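Asker: Listed below are the residues making up each chain.
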Amino acid sequence: MEDVSDYDVYVIGGGPAGSSAAWYLADQGINVALIDRGKPIGSKNVSGGVLWGHDLKVLDEEWWKKAPIERAIISKKIGLLTEDKAMLFDWDFEEWGHEPYVGFSILRAKFDRWLAKRAQEAGADIYEGIAVDKLWIEKGEVKGIVQAGDKFKSKAVIVADGANSRILINSGLLTKPFSQNDFYLGIKEVLTLPEETIEERFGLNSEEGTAFEFILGGLPKNIVAGGFLYTNKRSLSLGVVVDLDTLPLGIHSYDVFEYYKQHPKIKRLIKDAKEEEYAAHFVPKGGLHMMPPLFGNGYVVVGDAAALCFSNGLVINGNGPAIRSGIEAAKVVSEAIKIGDTSSKFLSKYATSLKSTYVLENLIRFKNVEKFKDNPRIYSTYTPFILNFSEKLLREENKPREHLVKLLKQELKEAGINSIKAAIDLSGVRYL
Amino acid sequence: MSETQHKLFTLKFDIKNKLGNDTFETDAEERAHITIKPEICRDCPHKKCLYACPTRCYNLIDGEVKFQYEDCVECGTCFLVCDQGSVSWSNPQGSFGIKYQLG
Amino acid sequence: MSNKTFKIAVLIKQVPIPSKMRATKEGLMDRSVASMMNPYCKHALEAALELKDTIGEEKTEIWVISMGPPNFEQSLREALSMGADHAILLSDRKLAGSDTYATAKALGTLIQKLGVNFNIVFAGLQTIDGDTAHVGPQVAERLGIPHVSYVEKIDFKGDHVVVRRILEGGNITYKVPLPALLTITNTANKPRGPRLKYAIRAKNEEIKVYSVDDIGLTAEEVGSAGSPTLVYRVKNVTHDRPPCQFMEGETVEDKVNMLAEKLRELVEASKAEAVEA
Ligand SMILES: Cc1cc2nc3c(=O)[nH]c(=O)nc-3n(C[C@H](O)[C@H](O)[C@H](O)COP(=O)(O)OP(=O)(O)OC[C@H]3O[C@@H](n4cnc5c(N)ncnc54)[C@H](O)[C@@H]3O)c2cc1C
Ligand code: SF4
Ligand code: SF4
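Going line by line, the protein sequences match chains U, G and B. My numbering numbers the first residue of the first sequence as 2 and each following residue consecutively. My numbering numbers the first residue of the second sequence as 11 and each following residue consecutively. My numbering numbers the first residue of the third sequence as 490 and each following residue consecutively.
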């Protein structure tokens, strides 16, 4: 088995990153196998999820007409929530509702199965329900993969096994071990609701969808967390992302989710919806500090495994970057196979080309975002302050009113906010 | 208002009830993909796994941390919050474990 | 053929996935829906694979054998990717409507026709679509070899096996000379997943397909014509999941107490019912 090679390229993981890579390679006539530990493919995967953008256009000009998408996102709502208050910014963009569209809600189990099938139709061999152990490395060179102790030779390997990449861990290819500070824990539930009810409740036409994202402020012990709600065809995707590092002893991660779910604002939005499926998955905080080497002799790393997930505290965009990085990697790998050079030097072209795409550019440009979004004062102090202040401002009590500035000063003092510190903290907004 | 009166502390629900909505293909116990070392847990100063695991696979029973692999959704949290070296973590054997129907 | 001296046959059936199961107008199982390897057959295959591990891979050969429409290939390939060596499918329209008698006749004839002297034959205890548990034992009768059903433990002793058969409220241990046929329970083992080495091989392995003619039977001997069983009437029964009650409580003890209380109530209620009746 060791000296015959069945495939030129093994792709480990059939999420958006891996399947896009396999699809591209198969299109190029490369002998490629896609291996996923889920059976069927997609059954391990979780997103919020909106798939933003059209990275798949490289593979199919009209991909969205064939893909199992739920709804086209036409409006976006961003809000602040405290225990008993809510504030929401609401945008409607008419142009989002027309071709070519900007984003679609998706359910990953279905979507990923479709994407892998497209790769298969293009000529990739698919192996489902098989977990790869690690890369087969000899003298600093990746020779292939190891599965159940058996070695499989190939010319190149694409590592696409997602956040918490066991492949990189088991192969000793991380620059530094992952820590709880590198990921958010995403907790999500899909809730079913009739199509008409969704459209009526959220003011949507058929096929149209909306996306909510919330900062969860004023949580005890400075917990940093955000919430989301996306509309699917016949269900809602409701979830939170929790910064594990800030999760105190005594509070369960799922308490944060349940608290969000029972918030009066959310409760109204999900009224009568039936619990359908509960899920939890890591979201890489993304960013250069946790990024493993993107390439080496005989291998490249794509998608969440490479921490190529963009999150500015309000949106998580990992599906698009996963697809894009998969395609960029596949371009370089297919060229490498054709000219017979899969050395680290040649494969470094992948990192170079990623830098010229939004994927890496965003991570570089926004590398300070974390400072802002993980600043606990945003969640614990300012969010409650803004909501309390606006409540006083908006309340009509038919009694003499305070001047705005005076009220503000008074409220700042009461909330114990140092305005200089606040100015510095909030200047972090510029990182968004 | 004191922090401990926050709603987060007064929620009434059992996360285990939700797991009935999920599909699992449970592997044999001798092939459990996660194991812990009870002697390390005994002396653990924080036991954060009890709180961080989204499906409460870690429980304190008669003062001892007990682990239950069957309800694991393979998120990876326990492996990272345990800084005591108690958790051995691997993917379940292919095809086994959580099977999301929706994701 | 080879130095693989120990030959194992495993009978495998593909069944609709339980949530999709339904009957056609003719009263036959609708085979057009999504399907999977019958769970009990998977336990039989695992028993065979464990035996192969015991005896040694180089000395053992596993043949998986199935009868059904061409899409049964899915389960045969799955069996190959778990570690079976050869796959055979008996597929013919003439077989449609076979009852357990005709099925066993066809499978038994096929096995004899293959000309492989199997040392042991495994079958699932039953299928989850037919639930008869007849086929395995009938095939053994056709082959003229001993059989034990409901087997959950097998000790290989060279020329014989020692098996444990489950019974209501206990079990019996038998010493069985080989060749023999065993039907395997779902408590026997935990089937393994696929392995890449075998899955790659399975992708290219030819699945030999036999027709009724090939095994020398006639249309009258199999299918509905060859089946003494007559289907009188079939009814599709649908039922909702019974309301499921969770025991809620702060501690395990609370929950167990609550459960005990609930059970006590149920017992009382059924007693009262019995008295009324
Ligand atoms: C709660 C939550 C909400 C999110 N919301 C959004 C959103 O709204 N929009 C957005 O764009 N992104 C969102 N993301 C991020 C997005 O889901 C990820 O960035 C994206 O899934 C990354 O794709 P990937 O292909 O790199 O990895 P994954 O999708 O994780 O795929 C990895 C694949 O590898 C397989 N695998 C793993 N290990 C092995 C192995 N050893 N052998 C074989 N196969 C293996 C797995 O089965 C899996 O199929 C969200 C994430 C979470 C958790
Ligand atoms: S955190 Fe680690 S050592 Fe501590 S109780 Fe949990 S598993 Fe054990
Ligand atoms: S991996 Fe996640 S779900 Fe599984 S035991 Fe660890 S924390 Fe719990």
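In case anyone wonders, no lab produced these hints; they're calculated from the structure. Hints may be right or wrong, so weigh each one.
What the hints assert, rightly or not - From the structure, some residues in chain U lie toward chain G, with a derived Cβ separation under 8 angstroms:
(1) Arg109
(2) Val147
(3) Glu276
Claimed, not checked - Once the Cα atoms are required to be at most 27 angstroms apart in a straight line, the calculated BS3-like pairs of lysine-lysine come out as:
(4) B:Lys642 with U:Lys152
(5) B:Lys642 with B:Lys493
(6) G:Lys109 with B:Lys692
(7) B:Lys509 with B:Lys583
(8) U:Lys118 with G:Lys109
(9) G:Lys57 with U:Lys234
(10) U:Lys266 with G:Lys28
(11) B:Lys583 with U:Lys111
(12) B:Lys583 with B:Lys602
(13) B:Lys548 with B:Lys697
Here the structure is a predicted model, which means the values were calculated and not measured. Beta carbons: idealized from backbone N, C-alpha and C, even for Gly.
Asker: Any hints this thing doesn't respect? Which numbers, in order?
Answerer: Checked against the structure, the hints that fail are numbers 2, 4, 9 and 11, while the rest are satisfied.
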